[in-house]
Structure formats: C-alpha cells, structure tokens
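*Asks:* Here is what each chain is made of, one letter per residue.
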Amino acid sequence: DTEVTQTPKHLVMGMTNKKSLKCEQHMGHRAMYWYKQKAKKPPELMFVYSYEKLSINESVPSRFSPECPNSSLLNLHLHALQPEDSALYLCASMTPGATGELFFGEGSRLTVL
Amino acid sequence: GQNIDQPTEMTATEGAIVQINCTYQTSGFNGLFWYQQHAGEAPTFLSYNVLDGLEEKGRFSSFLSRSKGYSYLLLKELQMKDSASYLCAVLGGDKLIFGTGTRLQVFP
Numbered sequence: 036d037t038e039v040t041q042t043p044k045h046l047v048m049g050m051t052n053k054k055s056l057k058c059e060q061h062m063g064h065r066a067m068y069w070y071k072q073k074a075k076k077p078p079e080l081m082f083v084y085s086y087e088k089l090s091i092n093e094s095v096p097s098r099f100s101p102e103c104p105n106s107s108l109l110n111l112h113l114h115a116l117q118p119e120d121s122a123l124y125l126c127a128s129m130t131p132g133a134t135g136e137l138f139f140g141e142g143s144r145l146t147v148l
Numbered sequence: 301g302q303n304i305d306q307p308t309e310m311t312a313t314e315g316a317i318v319q320i321n322c323t324y325q326t327s328g329f330n331g332l333f334w335y336q337q338h339a340g341e342a343p344t345f346l347s348y349n350v351l352d353g354l355e356e357k358g359r360f361s362s363f364l365s366r367s368k369g370y371s372y373l374l375l376k377e378l379q380m381k382d383s384a385s386y387l388c389a390v391l392g393g394d395k396l397i398f399g400t401g402t403r404l405q406v407f408p
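Residue numbers (our numbering), protein chains in the order written: chain F, 36 to 148; chain S, 301 to 408.
Hints are supplied without guarantee of correctness; some may be wrong.
[To be verified] With a cut-off of at most 25 Å between alpha-carbon atoms, the simulated DMTMM-like pairs for lysine to aspartate or glutamate come out as follows:
1. F/Lys57 - S/Asp305
2. F/Lys75 - S/Asp382
3. F/Lys54 - F/Glu136
4. F/Lys75 - F/Glu141
5. S/Lys381 - F/Glu141
6. S/Lys381 - F/Glu38
7. F/Lys76 - S/Glu309
8. F/Lys76 - S/Asp394
9. F/Lys73 - S/Asp305
10. F/Lys57 - S/Asp394
11. F/Lys71 - F/Asp120
12. F/Lys75 - S/Asp352
13. F/Lys76 - S/Glu341
14. S/Lys395 - F/Glu38
15. F/Lys71 - S/Asp382
16. F/Lys73 - S/Glu309
17. F/Lys76 - S/Asp352
18. S/Lys395 - F/Glu59
19. F/Lys54 - F/Glu87
20. F/Lys88 - S/Asp394
21. S/Lys395 - F/Glu87
22. S/Lys357 - S/Glu377
23. F/Lys73 - S/Glu377
24. S/Lys357 - F/Glu141
25. F/Lys54 - F/Glu93
26. F/Lys75 - S/Glu309
[To be verified] A short list of chain S residues far from chain F (calculated; beta carbon distances all over 10 Å):
27. Thr313
28. Thr344
29. Glu356
30. Gly358
31. Leu374
32. Leu387
33. Asp394
34. Thr400
35. Phe407
Please keep in mind that the hints were generated in silico from the structure rather than gathered at the bench.
Glycine included, each C-beta is placed from N, C-alpha and C at the ideal position.
Work out the full structure, taking the sequences as your base and the hints as a guide.
*Replies:* In structure tokens, the structure reads:
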C-alpha cells in the first residue's frame, strides 16, 4: 500500500462552519505534512508532524488546527475560515530522515463561501 | 531565509530535450526533490538527489551541485503529456519547501 488517502475530495463551507479534512496512510511513515496550494502557485508548507508530535507550524492562523490522533492519521480542523482560504489542501507523508519519496495524497479542494 | 528559484515558464517541442533549472539557498539540506504536477492534480515524485551528480531514470535525469546550490531536471524525448508544472523542493530537517515551480508547455 503506497497510498495517502485524503477525504473529502471536495468541500464547500461557509465562514461560520466547522469542518475537518482527513488524511490516512498505512506505509508506516512517521512524518506527515499539510500543504496549502493556490492555483498556479507551488504548495506552501503549513504543518509537519514527526512521530505524532507537531514539529513545525509555519505561522498558520489558528482557524486551522491540526491533529495527529495516531501514526496513520492526520486531521486538519477548520473553523471560521475566510474566502481567501479556498485552496487545494495536500497531505503528504514520509519516514523522517529517509532518502526517498514524499508521498502525496490527491488533495482536498476547499471552497469557502 | 529560504529561497528556491525556478524559471516561471518554458516551452519546448515534442521530441526535444528541455532543462529546467533550480537554484536554492536554504538553512539546512537533506536532499532535493523534483515533482511533476498536472493542473488540478497532486504532485507526483520524479527524482531525489542528496549527493552531487546526475541521477538518471528513463527519460528524466536530475543533477545536483550542493556547493553551487543548483539542480536541474532534464527531460528527453518530450511528449505532449509532459506539459505540466515541475516543482523543485528542498528537504531541510523535517521541512520540505517547494520552489516557485516551472510551467512547461510542449508543442507538436
């Protein structure tokens, strides 16, 4: 199994809603990542979890709240988002310090109305 | 700070060879990745370099010079399906930071 699975694939939410994005991998990877990507721009790093602990937060607004319940799961909780938060949210995983591939999920496309 | 630069756009002809350059200045270095991304899709892995030199994988090759903070991706025998964005990314510790990306258009 070399997959990173993200759900939902598409999400539309209002600015007062609370929703969550989910990411799952069963490759035994112990580093998991959230990226945000706007159209025609490269992915921007948001958070990194290493061995289920938050190791990097790239000054992301608190309306985005990550959670790593176990080594296979990564969530991104969304609350009081703004229309400019509409983007493709990508999850990725790899083994920390590994000399190999960072595996990406297919992404969750978020639209904030 | 971190700086990873690539040309914004390139064009090439089917069957030709194209080289996409990437220069970087980062606070740590554990390797450099190249990814391909088609519009609306997730990035897919192309190559990884951690030591100086050339890594070849089919029609794709990637080169790294750590002393110069420089890498390139070489695409040979271009096909129409190679029209995509190509992303250079540097791994420093746990942080994988992407460059600005290069949009490549292949014409018949």
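*Asks:* Please go over all the hints and tell whether each is borne out by the structure.
*Replies:* Hint check:
1. Our distance criterion of 25 Å between C-alpha atoms is broken by F/Lys57 and S/Asp305, whose separation comes to about 31 Å.
2. With a CA separation close to 17 Å, the supplied pair F/Lys75 and S/Asp382 stays within the 25 Å bound.
3. A threshold of 25 Å between alpha carbons decides the hint, and for F/Lys54 with F/Glu136 the separation of about 30 Å lies outside it, so the pair is violated.
4. Distance hint between F/Lys75 and F/Glu141 is fulfilled; the C-alpha atoms sit about 16 Å from each other, no more than 25 Å.
5. For the suggested pair S/Lys381 and F/Glu141, the alpha carbons sit about 19 Å apart, so the restraint of at most 25 Å is met.
6. For the proposed pair S/Lys381 and F/Glu38, the alpha carbon gap of about 23 Å is at most 25 Å, so the pair holds.
7. Of the supplied pair hints, the one linking F/Lys76 and S/Glu309 holds, its CA atoms being roughly 12 Å apart against a limit of 25 Å.
8. Taken as a hint, the F/Lys76 and S/Asp394 pair is honoured in the structure, with Cα atoms around 22 Å apart against an allowance of 25 Å.
9. Note on F/Lys73 and S/Asp305: the hinted pairing holds, with a Cα-Cα distance of about 18 Å set against a maximum of 25 Å.
10. Proximity of F/Lys57 to S/Asp394 is assessed by CA-CA distance (about 21 Å); at most 25 Å being required, the pair is judged to hold.
11. Of the pairs offered as hints, the one joining F/Lys71 and F/Asp120 holds, with about 9 Å between alpha carbons and a cut-off of 25 Å not exceeded.
12. For a cut-off of 25 Å, the pair hint linking F/Lys75 to S/Asp352 is broken: about 30 Å separates their Cα positions.
13. With a C-alpha separation of about 13 Å, the suggested pair F/Lys76 and S/Glu341 falls inside the 25 Å cut-off, and the hint holds.
14. In summary, the hint linking S/Lys395 to F/Glu38 is supported, as the alpha carbons are separated by about 21 Å, within the 25 Å threshold.
15. Among the hinted pairs, F/Lys71 with S/Asp382 is consistent with the structure: their alpha-carbon atoms are about 24 Å apart, no more than 25 Å.
16. A hinted pair counts as satisfied when its Cα atoms are at most 25 Å apart, and F/Lys73 with S/Glu309 qualifies at roughly 17 Å.
17. Proposed proximity of F/Lys76 and S/Asp352 is contradicted: the alpha carbons are some 28 Å apart, above 25 Å.
18. At roughly 20 Å between alpha-carbon atoms, S/Lys395 and F/Glu59 fall within 25 Å of each other, so this suggested pair holds.
19. For the suggested pair F/Lys54 and F/Glu87, the alpha carbons sit about 21 Å apart, so the restraint of at most 25 Å is met.
20. The hinted pair formed by F/Lys88 and S/Asp394 meets the criterion: a straight-line CA distance of about 12 Å does not exceed 25 Å.
21. Taken as a hint, the S/Lys395 and F/Glu87 pair is honoured in the structure, with Cα atoms around 15 Å apart against an allowance of 25 Å.
22. The straight-line distance between the Cα atoms of S/Lys357 and S/Glu377 is roughly 13 Å, inside the 25 Å bound, and the hint therefore holds.
23. For the hint pairing F/Lys73 with S/Glu377, the CA-to-CA distance comes to about 31 Å; that exceeds 25 Å, so the pair is violated.
24. Under the criterion of a C-alpha separation no larger than 25 Å, the hint pairing S/Lys357 with F/Glu141 is consistent with the structure, at around 24 Å.
25. For the hint linking F/Lys54 to F/Glu93, the alpha-carbon distance of about 21 Å falls within 25 Å, and the restraint holds.
26. In summary, the hint linking F/Lys75 to S/Glu309 is supported, as the alpha carbons are separated by about 11 Å, within the 25 Å threshold.
27. Every CB of chain F is more than 10 Å from the CB of S/Thr313 (nearest about 23 Å), matching its label as outside the interface.
28. Not every CB of chain F is more than 10 Å from the CB of S/Thr344 (nearest about 7 Å), against its label as outside the interface.
29. With a cut of 10 Å on Cβ distances, S/Glu356 stays outside the contact zone with chain F, its closest approach being about 17 Å.
30. Separation of S/Gly358 from chain F is adequate, the least Cβ-Cβ distance of about 16 Å exceeding the 10 Å criterion.
31. The Cβ of S/Leu374 sits about 19 Å from the closest Cβ of chain F, beyond the 10 Å cut-off, so the non-interface label holds.
32. A cut-off of 10 Å between C-beta atoms contradicts the statement that S/Leu387 is not in contact with chain F; the least separation is 6 Å.
33. Distance check on S/Asp394: its Cβ comes as close as 5 Å (rounded) to a Cβ of chain F, failing to clear the 10 Å threshold; non-interface status is violated.
34. With 10 Å as the threshold on Cβ separation, the claim that S/Thr400 sits away from chain F is violated: the shortest Cβ distance comes to roughly 6 Å.
35. Remark: the non-interface label on S/Phe407 is consistent with the geometry, its nearest Cβ contact in chain F lying 20 Å away (cut-off 10 Å).
In summary, the numbered hints that this structure violates are 1, 3, 12, 17, 23, 28, 32, 33, 34.
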